[in-house]
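A.B. asks: Fit chain B to the supplied structure of chain A, relying on the hints for placement.
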Amino acid sequence: MPEPPDGEISTTEEFLADERHGFGGVAGDAGLLQVGAIEAGPESAHRRGPGLGIGAWMAIGWMGFIILIAVLAKIGILTWGDANESFASCARKGPFANEGGASGFLLGCDSNGRDMIPRLALGAWTSLLVATGAVTLGFVIGGTLGLIAGFSGGKVDTVLTGMFNVLLSVPVIIMALALVAFLQGASGEGGALSPEMILIIAIGVVAIPLIGRITRASALTWAQREFVLASRAQGAKSRRIMIREVLPNVLPAMFSIALLAIGIAIVAEGALAILGVGVRPPTPSWGNMIALDRGNLFKSPHIVFEASLLIFFTVLSLNFLGDVVRARFDVREGGL
Amino acid sequence: MSPGEDRFGDAPYDGPLLEVTDIKTYFETDRGLVRSVDGVSLTLERGKTIGIVGESGSGKTVLSRSIMGLLPKRGVVREGSVKFEGQEFIGIKPKDMRAFWGAQMSMIFQDPMTSLNPVMKVGNQITESIRQHLDVSKSFANELAENLLESVRIPEPRKRLKEYPHQLSGGMRQRVCIAVALACGPKLLFADEPTTALDVTVQAQVLDLMAAQQRERFMAMVLVTHDLGVVAGRADDIAVMYAGRIVEKAPTTTLFANMKMPYTEALLSSIPRLDDQSHTRLATIPGRPPDLVHPPKGCKFAPRCPYVQDKCREEEPLLTDAGGGHLYRCWFPVGTPEGAAALEKNRAAGAAPAAALATGPTTGGQP
Numbered sequence: 001m002p003e004p005p006d007g008e009i010s011t012t013e014e015f016l017a018d019e020r021h022g023f024g025g026v027a028g029d030a031g032l033l034q035v036g037a038i039e040a041g042p043e044s045a046h047r048r049g050p051g052l053g054i055g056a057w058m059a060i061g062w063m064g065f066i067i068l069i070a071v072l073a074k075i076g077i078l079t080w081g082d083a084n085e086s087f088a089s090c091a092r093k094g095p096f097a098n099e100g101g102a103s104g105f106l107l108g109c110d111s112n113g114r115d116m117i118p119r120l121a122l123g124a125w126t127s128l129l130v131a132t133g134a135v136t137l138g139f140v141i142g143g144t145l146g147l148i149a150g151f152s153g154g155k156v157d158t159v160l161t162g163m164f165n166v167l168l169s170v171p172v173i174i175m176a177l178a179l180v181a182f183l184q185g186a187s188g189e190g191g192a193l194s195p196e197m198i199l200i201i202a203i204g205v206v207a208i209p210l211i212g213r214i215t216r217a218s219a220l221t222w223a224q225r226e227f228v229l230a231s232r233a234q235g236a237k238s239r240r241i242m243i244r245e246v247l248p249n250v251l252p253a254m255f256s257i258a259l260l261a262i263g264i265a266i267v268a269e270g271a272l273a274i275l276g277v278g279v280r281p282p283t284p285s286w287g288n289m290i291a292l293d294r295g296n297l298f299k300s301p302h303i304v305f306e307a308s309l310l311i312f313f314t315v316l317s318l319n320f321l322g323d324v325v326r327a328r329f330d331v332r333e334g335g336l
Numbered sequence: 001m002s003p004g005e006d007r008f009g010d011a012p013y014d015g016p017l018l019e020v021t022d023i024k025t026y027f028e029t030d031r032g033l034v035r036s037v038d039g040v041s042l043t044l045e046r047g048k049t050i051g052i053v054g055e056s057g058s059g060k061t062v063l064s065r066s067i068m069g070l071l072p073k074r075g076v077v078r079e080g081s082v083k084f085e086g087q088e089f090i091g092i093k094p095k096d097m098r099a100f101w102g103a104q105m106s107m108i109f110q111d112p113m114t115s116l117n118p119v120m121k122v123g124n125q126i127t128e129s130i131r132q133h134l135d136v137s138k139s140f141a142n143e144l145a146e147n148l149l150e151s152v153r154i155p156e157p158r159k160r161l162k163e164y165p166h167q168l169s170g171g172m173r174q175r176v177c178i179a180v181a182l183a184c185g186p187k188l189l190f191a192d193e194p195t196t197a198l199d200v201t202v203q204a205q206v207l208d209l210m211a212a213q214q215r216e217r218f219m220a221m222v223l224v225t226h227d228l229g230v231v232a233g234r235a236d237d238i239a240v241m242y243a244g245r246i247v248e249k250a251p252t253t254t255l256f257a258n259m260k261m262p263y264t265e266a267l268l269s270s271i272p273r274l275d276d277q278s279h280t281r282l283a284t285i286p287g288r289p290p291d292l293v294h295p296p297k298g299c300k301f302a303p304r305c306p307y308v309q310d311k312c313r314e315e316e317p318l319l320t321d322a323g324g325g326h327l328y329r330c331w332f333p334v335g336t337p338e339g340a341a342a343l344e345k346n347r348a349a350g351a352a353p354a355a356a357l358a359t360g361p362t363t364g365g366q367p
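As you go down the protein sequences, you meet chains A and B in turn. So in this note's numbering, spot 128 of the first sequence is number 128, and the numbers just go up one at a time. So in this note's numbering, spot 240 of the second sequence is number 240, and the numbers just go up one at a time.
Next up, chain B with everything else stripped away, as it sits in the complex:
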């Protein structure tokens, strides 16, 4: 559709589109170094989707911005390796990154209310990057923008081009954001909680739209969300993040069929089910994410884990390969004899969180 798609395609590259190895992103604050992303590795092939799931503060947004290089200029430590089509991103200047931003990779933000400029017409916001990256005339850019709006299913695109963001509804604005992000035909799209700020009825539409555009353009996508339900049917792989690390990563079907990490299990059980009786208490994960300045010594999830044993509090589990691309980080994984024994032991000892998780309804959060 857009001429940008083939523009950089003349030098074929065989490897994975995106290869992230042991990326670390720390923020210097008055309290100390905040380890927002602490050694994450992942690979993404062309046209595939990886879902990054975790609760607030788990580092998923920072991870996506760090990969893209969109971090604040000051007070940030960024280490590791990010390779996009073999091109290393860590250490290159923002000036050189600009050729990739928008044209090769772009990002959709969480809140369409704030990610559009309130004093610029929708059309100009779309054509701005087209004009920057593609050598086209103004009228052609306008035509392109109109086609883009049409492809994100905005009615009367010609009229909408001349409107300001406040004249559009939330769902429409997110569609415009998608159109802006797709304008130059990027190969990689980061979607940072693209549906969190939207009405539930619009969420599915926007996600379907993104999936359709992704198929059409053979674009890879990093879908960041706190909702396992959002990524369930849409991601090829899912990476669960906790305290700046990947605690479990697997192809989607494997993950749901055979999850190993108690945190993934807890996330899944915290999704309300339709077949629950009414007035069933919602399952919660007790406690809160760890302090990223002074993280706990052993497993970061240990203080909140129903399976926790002494070993967990002392030694940090390594990323273990369960085969078939399934990685997890746990000493007593779910669905194994050790895990069952650990849970049994905790339950016998009367640990409340365990009881809460195992039976579904919880009696309330534990500090």
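Chain A extracted, bound-state conformation:
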């Protein structure tokens, strides 16, 4: 885990304060620290060499692999037969368990005797779908509000920042739970919304203030640059300045935080699953696989362990890539 330099962390008390509302996992906390490093602004350039470095390539490789198996699972290539088909005799058996005649269960089976590989692959699809969907929602809404707040300043900024602060001070899990409960409705069916969609909205709303604040902070520093004034002196409209001059400069920070946020959202999906409001079984997600078999942690640890390991490496890769994006885009800033 690449840690930001100490000096950058110190500027972000408010984010550190949020740790207590965090998702509790190691990855979640680390993500919040990274968030702080981003908010320190475009000046906090620590340069990397021209290449991406082996770590970045490993992270890209891992993400490529996860996305590939997720897509393959979704279109039915990797899930030979049925991901929900169960083989009673091999229930809870660890890796390399063989059940007469059936193909080898390379990663073992879960407590219902279902092969882990197709379930993990399909779980990757669900987890990534929920996480990216949620972050996209947060990115679009939070990013827009943050850009407007940072660029306009004054009352608009006060109101929007106040709103972000209120949202940030509600413990995220409580907030997400409340949103899920609200969206599912009394019947628990969710009406027209699929369980995945409900999770996307719930986690997305939580992501809005996070991304909004980062965008606001970054937009604020860029909006005070002389080229913005120069553009105004040339007669450009405010909206045009915001979109053409400020936004392109803010985007790197936004993308960087979005990558970190996807990692946090994956963990959040897991946390919600453990609390019983995740994707509805039998649809697998990494979160509900852990949730389902957390009672078997001592008898057959491989079930929880495998899903956790995938979450761990995925979140680690995303955090790392977020950092790489930031470092790379800062080079341009340093070149000026």
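Because the hints were derived from the structure by calculation, they are not lab data. This structure is a prediction, so every number in the text was calculated from the model and none was measured. Among the hints, erroneous ones may be present.
[Said to hold, decoys possible] What follows is a set of in silico ranges between Cβ atoms, one per label pair, in the way DEER data are often shown:
1. B:D135 / A:G76: 54 to 64 angstroms
2. A:G53 / B:P72: 34 to 44 angstroms
3. A:G53 / B:H279: 26 to 36 angstroms
4. B:G229 / A:M58: 57 to 67 angstroms
5. B:H279 / A:V156: 56 to 66 angstroms
6. A:G64 / B:K162: 54 to 64 angstroms
7. B:R158 / A:I174: 52 to 62 angstroms
[As the list claims (entries may be wrong)] Here chain B is said to cover these stretches of chain A; the calculated rule only asks that three of the stretch's residues, wherever they fall, bring their Cβ under 8 angstroms from a Cβ of chain B:
8. 244-258
9. 273-286
We put the beta carbon where it would ideally sit given N, CA and C, even for glycine.
C.D. replies: Leaving out everything else, chain B in the frame of chain A:
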């Protein structure tokens, strides 16, 4: 050159291009009202240049931005009158100002490193305002941009259009800024310390370029600088600012031949000379500019002035007309018997700043 030049020329206006009367610009801060510009008046004819000179914090940048209306939205008090071709600017909405910005008047900023957008191609930064103000096609705007880059003497303009600011040197970037400012053929150009951030060798080139463009386009220019040397050969009039006010204003030759204000004299003597012996101490102006929240009671320059008398500390001098457009604000002007007597009196009393100024080399700043 650019079609914008004649676009608004169909309604001839006879008066001066720019008439600023008693403009005041105050900023509301936690400490109180900062009087950055406190009653400045000036007029500028078409095609002429006025140099605004003063040290940091004298309000020269705020003055130019205030005239142009480019001040922050909040916490600013702006009073007085700014007339551009007879059109009053004070009190009109930024939305209506936009028709003037870029098309009629534009500004070049101090630091070319920060006044270009780092993520936008040079070409787009130039064509952006062309497309906004002039009704031309994209390809024509590109052609115009190429011509502009050529006219600011950037080699290979076609190639440069597709480059980003970080691919250009500082001098080139300032040329691009000039091209951006000239894009729509403004009648009035504000140049806010256009050469301060540049290498000395490039400074003269950029200034010459601006002068050439000014002649070609018959454009008026407000040249803001802290360096009397920059405006000496280039401005028709010079206004010296101190603590938000004009303390002396005169046609350039008059000012250098017959300066009345001790502050102007001090500014001039602080320019190093080639014929000075080596290791000559540089002349400085002791002290620092006054606090603009609580300015001194009398003459604002009194605490630092070698000519200072009791009267200066009590009563603020009015802008006096010395004839020929020469205005100054001093009770004991330089080059007059009263001034000489005041200086003599101070020197006899052993006031250090006086000695420092009168003999050139100084013994160091006085608090």
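A.B. asks: Each of the hints needs a verdict: does it hold here or not?
C.D. replies: For each hint, the structure was consulted:
no. : hint                                : result
1   : B:D135 / A:G76: 54 to 64 angstroms  : holds (57 angstroms)
2   : A:G53 / B:P72: 34 to 44 angstroms   : holds (43 angstroms)
3   : A:G53 / B:H279: 26 to 36 angstroms  : violated (52 angstroms)
4   : B:G229 / A:M58: 57 to 67 angstroms  : holds (59 angstroms)
5   : B:H279 / A:V156: 56 to 66 angstroms : holds (58 angstroms)
6   : A:G64 / B:K162: 54 to 64 angstroms  : violated (32 angstroms)
7   : B:R158 / A:I174: 52 to 62 angstroms : holds (60 angstroms)
8   : 244-258                             : holds (count 4)
9   : 273-286                             : violated (count 0)
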